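Enquirer: Start from chain A and add chain B according to the hints.
In order, the protein sequence lines correspond to chains A and B.
Here UniProt numbering is used: position 133 in the first sequence is 133, and no number is missing along the way.
Here UniProt numbering is used: position 166 in the second sequence is 166, and no number is missing along the way.
Nothing false has been slipped in among the hints.
Which residues of chain B face chain A? A few of them, derived with a C-beta cut under 8 Å, are: (1) Ser-79; (2) Glu-93; (3) Arg-98; (4) Tyr-102; (5) Pro-292.
To be clear about the criterion: a stretch of chain B counts as covered by chain A if any three or more of its residues have a C-beta under 8 Å from a C-beta of chain A, and this derived list gives those stretches: (6) 63-70; (7) 81-87; (8) 112-125; (9) 293-301.
To be clear, the hints were calculated from the coordinates, so they are not data collected in a lab.
Values in this document were obtained by computation on a predicted structure and should not be read as measured data.
A virtual CB, placed ideally from N, CA and C, is assigned to each residue, including glycine.
2 protein chains.
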Amino acid sequence: MSQKVTISTVAQHARVSRQTVSNVLNAPHIVREETRRRVQEAITELGYRANQAARQMRTGRSRLIAVRIEPTRDGINGSVLDRFLHGLTETAEGAGYRVMLYTATDAHQEIDAFDDLLGAYDLDAFVLTGTERGDPRTAWLAGRDVPFVTFGRPWDAPEPHPWVDVDNAAGTAQATRHLLATGHRRIGYIGWPLPTSAVGGERRSGWHETLREAGVDPGGLDRETVDGIAEGERTMRELLAAAEPPTAVVCASDSLALGALQAVRGSAAYAPPAGPPTPGGPVAVVGFDDTPVAAAVGLTSVSQPLGVAAARCVDLLTGVLDGQPVDSPVLLQPSLVRRQTA
Amino acid sequence: MSQKVTISTVAQHARVSRQTVSNVLNAPHIVREETRRRVQEAITELGYRANQAARQMRTGRSRLIAVRIEPTRDGINGSVLDRFLHGLTETAEGAGYRVMLYTATDAHQEIDAFDDLLGAYDLDAFVLTGTERGDPRTAWLAGRDVPFVTFGRPWDAPEPHPWVDVDNAAGTAQATRHLLATGHRRIGYIGWPLPTSAVGGERRSGWHETLREAGVDPGGLDRETVDGIAEGERTMRELLAAAEPPTAVVCASDSLALGALQAVRGSAAYAPPAGPPTPGGPVAVVGFDDTPVAAAVGLTSVSQPLGVAAARCVDLLTGVLDGQPVDSPVLLQPSLVRRQTA
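Next comes chain A alone, as it looks inside the complex (with noise of 0.2 Å):
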């Protein structure tokens, strides 16, 4: 196994100081023709690789990011987030980032991390995900001065800042007028409690403008649930039992979709819908995220470009920390994934 190259092992093999190799990689202006042909030469033929902690020194960066990382839920929805990280990792490398993680249950439990890792670690900026209305974490960083991009868009803060975020309305738009065209009428939407949650709303909405425009009444088919396959498979059941039920349902997420499709195939063999919709036929069901578990089961799902959402924060970040002027913010077009299930 070789030998690490480092700047003494190049300085050596040059017959120069360290100094002067640093030099080369640093200030290469103050240093004589000759000499700096020489180093340049040693770096080539032992390979050697300016290390962070150099370019750290040059730049006084860190180079280090933190995100939080979510706790585990059910596995579908907690997917999403980390994929997200995914690409946040992988886009953050390529531009000289690292990536650290911390975990917190609340956003007071996120300030109190920010505080601590502030007080830690010589961190250049934060990724905040899951904006919310009232949201103190961006006024606390913009506060101290701390850089940072939310994925997420700022619902009400005070202060302008980067972020990017995904047209969640377009999302539920599009999932609706797909069932509208293949000639539905009765379309109902299971969604999470609207004060709770800010994307909550803007997926309600798509669903509900949709509607509206095309002129067909939403009346009485718009269900709220806290997430999970379980509270999708009972409020489907419900709509289900109606005295006019539904043809069609958005969800909010795959978890509420997966429930919602054990409702409808009850325990009965399931031939997915095909043709026009029949009143006591198959349901069609179409659920948010496209998790792997939608791809697994053939549930129709909206995807969102997490990998370019991710990419996109890195090159606000980086923007930021280079003190250029930054184009945001970005808002990202979900697309409609068509399976077996609508």
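Expert: Below, chain B alone, put in the same frame as chain A:
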């Protein structure tokens, strides 16, 4: 918003110097009783929390550990290491450590990442996943006295090191015994190509040894393929087309099992196996890793205790870093989660 409470705030409040506050925190025995009491009252009153930087100064530790994040694949098997990462981050935080991420596509790229990270950040230790025969990573770290633990046994590493693993062979053995107990005698196996995966060899051997001990001939029902749903489906079609097809199959992953299930179900409505197996009847399928997809489609699967594995990795690491004798190796038992498919 309240100002951040620092050592200076505490010093001002208690009318002592910053050094005295620092002494109370780090060497209380050298501080006069009356002064110590006054500083401690100020700490309580102001809600001062000694931060990580202060602890780091005392201990000479960064309290930072690094772990690789895998590239996103089909989102099914990838979820296993994501669950491990969640557990690791949570238990590491409980022990006062933060987790930093890096990516690498092979062992040599990972060693480059070690080199970069150690040059750039004051890391305490690494957690390695996915150990293999002839693994160059452990030798590299051991040769530089960098503390590490592996999630995965040292298949042939010359030097012992602390490790945590799950008994993979015990998992497929449990699955095979369950199939034998429910009357199956033609039990196939779909696994990974042997020379490329030590874990794959373990999983295969659990199936093979269990059949051998039961006096059941595994002949002709053993298949190898790279991982993936499409690969599982294709391989299962081959098995089903054999002169004497299996009545059950054990798979090395949920991805392969999901593909196998699709081959079994074909396009017809599927009735899960019930009662003793009948030639040409529905074929039982068992997966490995109990992923969210397995839960969603009712796939019987072997479950690894990933949260426990992560916690034991942190236990071992803190032991190593504290210079304590560590209780390694740790070999954890998987369990069979029975659902509809077997």
